[in-house]
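Line order of the protein sequences matches chains A and B. Start counting the first sequence at 4; every next residue gets the next number (the numbering used here). Start counting the second sequence at 15; every next residue gets the next number (the numbering used here).
Everything labelled a hint here was simulated from the structure, so no lab data went into it. All C-beta atoms in this analysis are idealised placements derived from N, C-alpha and C, irrespective of residue type, glycine included. Each hint should be verified, as a subset may be incorrect.
As the list claims (entries may be wrong) - Pair ranges (Cβ atoms, derived): (1) B/Thr29 x A/Ser29: 32 to 38 angstroms; (2) A/Ala20 x B/Asp70: 39 to 45 angstroms; (3) B/Pro97 x A/Ala4: 38 to 44 angstroms; (4) A/Arg25 x B/Thr110: 27 to 33 angstroms.
To be verified - So, partial list: chain B residues that the calculated Cβ filter (under 8 angstroms) puts toward chain A: (5) Gly67; (6) Phe104; (7) Pro122.
Stated by the list, open to error - The list that follows gives simulated cross-link-like pairs (lysine-lysine, DSS-like), each with its CA atoms no further than 30 angstroms apart: (8) B/Lys71 x A/Lys52; (9) A/Lys52 x B/Lys23; (10) B/Lys23 x B/Lys71; (11) B/Lys85 x B/Lys23; (12) B/Lys23 x A/Lys64; (13) B/Lys85 x A/Lys52.
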Amino acid sequence: AQSVTQPDIHITVSEGASLELRCNYSYGATPYLFWYVQSPGQGLQLLLKYFSGDTLVQGIKGFEAEFKRSQSSFNLRKPSVHWSDAAEYFCAVVFTGRRALTFGSGTRLQVQP
Amino acid sequence: NAGVTQTPKFQVLKTGQSMTLQCAQDMNHNSMYWYRQDPGMGLRLIYYSASEGTTDKGEVPNGYNVSRLNKREFSLRLESAAPSQTSVYFCASLQTRGGRTDTQYFGPGTRLTVL
C-alpha cells in the first residue's frame with residue numbers, strides 16, 4: 004500500500020538551532036510532494052511543494068526541502084529555528100495516478116528558548 | 015477571496031444524531047475533498063469529488079455521505095453519529111495547472127465531538 008512515514012513523532016530544538024524533519028514514502032514512481040504546517044487549533048498551511056526539476060525546493064518562512072529519489076525521501080530543513088516555528092508538520096504525497104493527498108502522521112516541533 | 019470556508023467551527027452531538035458539515039470554495043477549483051484528522055494519524059481521506067456531479071470514496075468512508083451541490087459546495091453528512099466520529103474535519107479544494115495536480119487548499123476545520 005502507498006504510505007508516507009514521518010518517523011519522528013515529537014522533536015524539541017533550541018531556538019536558533021538547525022532543524023531537519025524526516026519524510027519517507029513508499030512506491031517507486033516520483034510523486035508530488037508537499038510539506039504543510041499546522042499551528043494549534045488552526046488549519047493547514049502549505050510550506051513548499053515539489054513536482055519536478057531542481058530537487059532542492061525553497062518554501063515560505065525560511066524552510067527548504069530536498070527530494071532524494073534513491074532514498075524515497077523529502078526531508079524538511081531550516082537553518083535557524085524561531086520560537087514561532089513551534090507547530091505540527093505534515094509531509095504529504097500525491098502518488099502517481101491519484102489526486103488525493105496521502106499524509107504522514109505528523110511531527111510535533113517544540114522550540115526551547 | 016475567502017478561499018475554503020467551513021461551517022460550523024465546533025459541534026457537539028449525541029450518539030445517533032445527524033448533522034451536515036458545509037464546505038465552500040471560491041477559487042473555481044474542480045476537485046474537492048473531505049479529510050478527518052485524529053491524533054497520531056495525520057489526515058485521512060473520507061470522500062472526494064473530482065468534479066461537479068461526481069463523488070468517490072476515500073480511505074475511511076463508512077458512516078458518511080457527501081453531496082457535491084455545485085462547483086463551489088461540497089457537504090459531508092453524518093446520518094447517525096458515533097463516538098468514533100469524534101474528530102477534526104477538514105475540507106480542501108485542488109488547484110490544477112494544465113490539467114495536472116497542483117496544490118490543495120484547506121479550510122479552517124470543524125471540531126466535532128460525539129458524546
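Here is how each hint holds up against the structure:
For B/Thr29 paired with A/Ser29, a C-beta distance near 37 angstroms keeps the hint of 32 to 38 angstroms intact. Taking 39 to 45 angstroms as the suggested C-beta distance range, the pair A/Ala20 and B/Asp70 conforms, at roughly 44 angstroms. Distance hint for B/Pro97 and A/Ala4: a CB-CB separation of about 27 angstroms, inconsistent with the stated range 38 to 44 angstroms. Distance hint check for A/Arg25 and B/Thr110: the Cβ-Cβ separation is about 29 angstroms, which falls inside the suggested range of 27 to 33 angstroms.
Restraint check, B/Gly67 versus chain A: the minimum CB separation of about 16 angstroms is more than 8 angstroms; hint violated. Restraint check, B/Phe104 versus chain A: the minimum CB separation of about 7 angstroms is within 8 angstroms; hint holds. Because the closest C-beta pair between B/Pro122 and chain A is about 4 angstroms apart, less than 8 angstroms, the hint holds. At roughly 25 angstroms between alpha-carbon atoms, B/Lys71 and A/Lys52 fall within 30 angstroms of each other, so this suggested pair holds.
Distance hint between A/Lys52 and B/Lys23 is fulfilled; the C-alpha atoms sit about 28 angstroms from each other, no more than 30 angstroms. Proximity of B/Lys23 to B/Lys71 is assessed by CA-CA distance (about 24 angstroms); at most 30 angstroms being required, the pair is judged to hold. With a CA separation close to 22 angstroms, the supplied pair B/Lys85 and B/Lys23 stays within the 30 angstroms bound. Restraint check: the Cα-Cα separation between B/Lys23 and A/Lys64 comes to about 27 angstroms, which is no more than 30 angstroms; the hinted pair holds.
At roughly 26 angstroms between alpha-carbon atoms, B/Lys85 and A/Lys52 fall within 30 angstroms of each other, so this suggested pair holds.
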